[in-house]
Amino acid sequence: MSKSTSTFPLSIGPTHPAFKEPVKFSFEVDGEKIVRTDMDFGYTHRGIEHVARERNFIQVIYLLERICGICSVSHPMAYCLAVENAAGIEVPPRAKYVRTIIGELERLHSHLLWTGVAAHEIGFDTLFLHTWDIREKVMDCLELLTGNRVNYAMLTIGGVRRDIAPEHYGILEETLDYYRELYNRTREILLEDLTVQMRCRDIGVLTYEDAVALCAVGPTARASGLPKDVRIDYPCNAYPDIEWLRPASPRDIGKEPRGDVFDRMIVRVLEMKQSVEIVGFCLDNMPDGEIVVESKAIKLINQLKKVKGDGLGRYEAPRGEVAHFDILDEREGPAQIKVKAPTYSNAAAWAVMFNGAEIADIPIIAASIDPCIACADRMTVIKNGCGGLSFTAEELHRLSVEKQKRIKATCGNS
Amino acid sequence: MLPLHDILVEQFKSEFGEDLLHCEIRNRPEGVKRPRDQRSLWLTFHRRHFHMAVTFLSRFGAPHISCPMASREYEDRIDLIYPFTIYGGTGNYMELPVIITAQVPRDDLRIRTVTDIVPGILFMERETREMLGIDIEDIPDERRLFTPGNLPPEMKPMLETYRGAGRGGGR
Amino acid sequence: MNTAKMLKKMSRSLWAFHINAGSCNACDIEILATLTPRYDAERFGIKLVGTPRHADILLVTGTLTEKIRENVLRVYHQVPDPKLVVVVGGCGSTKGVFQESYAMAGPVDTCIPVDVYIPGCPPRPEAIIYGVVKAWLKIESLEKDNAAAS
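Residue numbers (this note's numbering), protein chains in the order written: chain E, 19 to 432; chain S, 2 to 172; chain U, 1381 to 1530.
Be aware that one or more of the hints could be misleading.
What the hints assert, rightly or not - Examples of chain S residues lying across from chain U (beta carbon under 10 Å, computed):
1. Phe147
2. Thr148
3. Pro149
4. Gly150
5. Asn151
6. Leu152
7. Met156
8. Pro158
9. Tyr163
Derived from the structure by calculation, the hints contain no laboratory data.
Positions of the beta carbon are idealized from the N, C-alpha and C atoms, including for glycine.
Chain E with its partners taken away, still in its complex shape (with noise of 0.2 Å):
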């Protein structure tokens, strides 16, 4: 404190209710600026990968499943790809268009949350309520086909272990009508509403240069304009066969990317449509034939305890980049696994957007990049380092929404 005496401590945290890594933020504020970001990891911290040498490679995917509640398919499907890979096996067909069935539906269900978390933290909460009902929809559709509203329990290695039935085809037919009908309406709420623009724009940016130097991924990095999608650079399951699947861009709609918070909003609503899309595109080519190369949990551990190798297996879930990396070493389960989520990644972008933004912003720039549900924690205000005084998520929404009535005043009639 001694070269400044305008800038204080500001710490946020730690119990933030983010998936694999909730952060306790510590900022450094000039008045309402913020000039300086650090985090603190580790909180929700299961030691997962320590847990997952002592359990056999069946039992790994239910554990994996487990890293993230919202992304429980990307993980298990990168372990897969990942053991996959490091034996050669082959998935048949039809495993390939289920896999990524499943896998766009939780994309679609995870983007409709990620919306209503963003407007809830906007002060928009009409939208978050409307968001949130239009994604049961989904919900219902992923629990038809896997039996679980969360953690699916869908993946196995060499296939999946449930088949989407001819019963299902309706009902999944039904369900994009519904979202295609409601994709025009949702749209004009996010991307033409003016007061979701003040808010949104030039706020949390995150330029090319950064988002390339900080190894960004996903949507995060699309809105940055760096077109980085797994789904396309190295595709796995049905996405090779999708010949139009291009990287979700704000350029799509006409706008050159920014790399703020509304070219974050615009690239997960432009992938929403995508979803539906590759779902319907999966549906009508779906191929015929087994779901599974080997059925039988034991047999399969056998064959793999075989395996001397590693592997890596890379997928992008609603957020970016998974990836895994596995040795397997002759073993019941694998030597080692490691885990890469991509909110990782996206983290240490956090710091970049942050600086310059005002702490009215603070939550709509951590929700941002995604990583999970909002900020419904205590937070604490320490001035100067001695006690001083006390502030929740409460008041910091509150916060935001003044900012929302402040600027809905100055631009008038919307």
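Chain E is already provided as a structure; the job is to place chains S and U on it using the hints.
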């Protein structure tokens, strides 16, 4: 004209010669109706050439780090596996994973940081420090990343010695 | 405060504060889904609040990691008496799939007293509402016992 991965291999071979301990291209086609080749390049270096290798890689494009470093333990050394990818974000199935293994001798567990080339790797290097006890030289941030403060400092969870160390938990 | 007075205070709508004690977020999104139009827990007077000081019920999700233990304890003490603790999800009840991990301090009841466990991975929104109702019933039965005793 040679495909990109072959050019990369040629370049690495001519630049590093004997110092490139192992080099391999793996291919695994993906897709059903339009199968696509998916290649990955696997390189092995001693830790003293590792930093140079990443610098050399960055000449072809900005390396992206895909996954935290996995490790493979031997009697005399620990292999650190860095899964980089390059040519990402170019579209058209161009991305190439370049998986660089760095051999770190057991009696001197140190490796130079590459945060000067790939700033995004910082968290992963911090994780390597606490999980494997490998000292990262010149790392800009020396704090722990994940592990709780009550974990004994000598316990490095991802080392083979600590396999099953948490067992006996539960109720 | 005597018990009768204490119980009377809680017999109205229950406000809940949610704390993530190392959860994978599955339970957390289901708690949030419980509040949204399909399940609409607010019609029963169940509401999520932003600070422990306004809460009657503490909803705890997750396994309770070493690093977060202190914070959970602090939040627990910040919730004004009388209070109930509801653990949402299998991890918080038994540590679930994370049994052997070195980073675990849990289950939650080793740290704070728990009144209701909601099993499931994650529990469905209906189950979460049911769990909160169970907490309610617990209050009612305590009320009866108390009335009988006096």
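Taking the hints in turn, this is what the structure says about them:
With its C-beta approaching chain U no nearer than about 8 Å, phenylalanine 147 (chain S) sits inside the 10 Å limit, and its interface hint holds. For threonine 148 (chain S), the suggested interface contact is upheld, since its CB lies about 7 Å from the closest CB of chain U, less than 10 Å. Because the beta carbon of proline 149 (chain S) sits about 4 Å from the nearest beta carbon in chain U, less than 10 Å, this interface hint is met. Checking glycine 150 (chain S) against chain U: minimum C-beta separation of about 7 Å stays under 10 Å; hint holds.
A least Cβ separation of about 6 Å between asparagine 151 (chain S) and chain U falls short of the 10 Å threshold, and the interface hint therefore holds. Nearest Cβ of chain U to the Cβ of leucine 152 (chain S): about 7 Å, under the 10 Å cut. The hint holds. Checking methionine 156 (chain S) against chain U by beta carbon gives a least distance of about 7 Å; that is within 10 Å, so the hint holds. Annotation: interface hint on proline 158 (chain S) holds; nearest CB of chain U at approximately 6 Å, less than 10 Å.
Evaluation of the tyrosine 163 (chain S) hint against chain U yields a held restraint, the C-beta minimum of about 8 Å falling below 10 Å.
The structure is consistent with each of the numbered hints, conforming to all of them.
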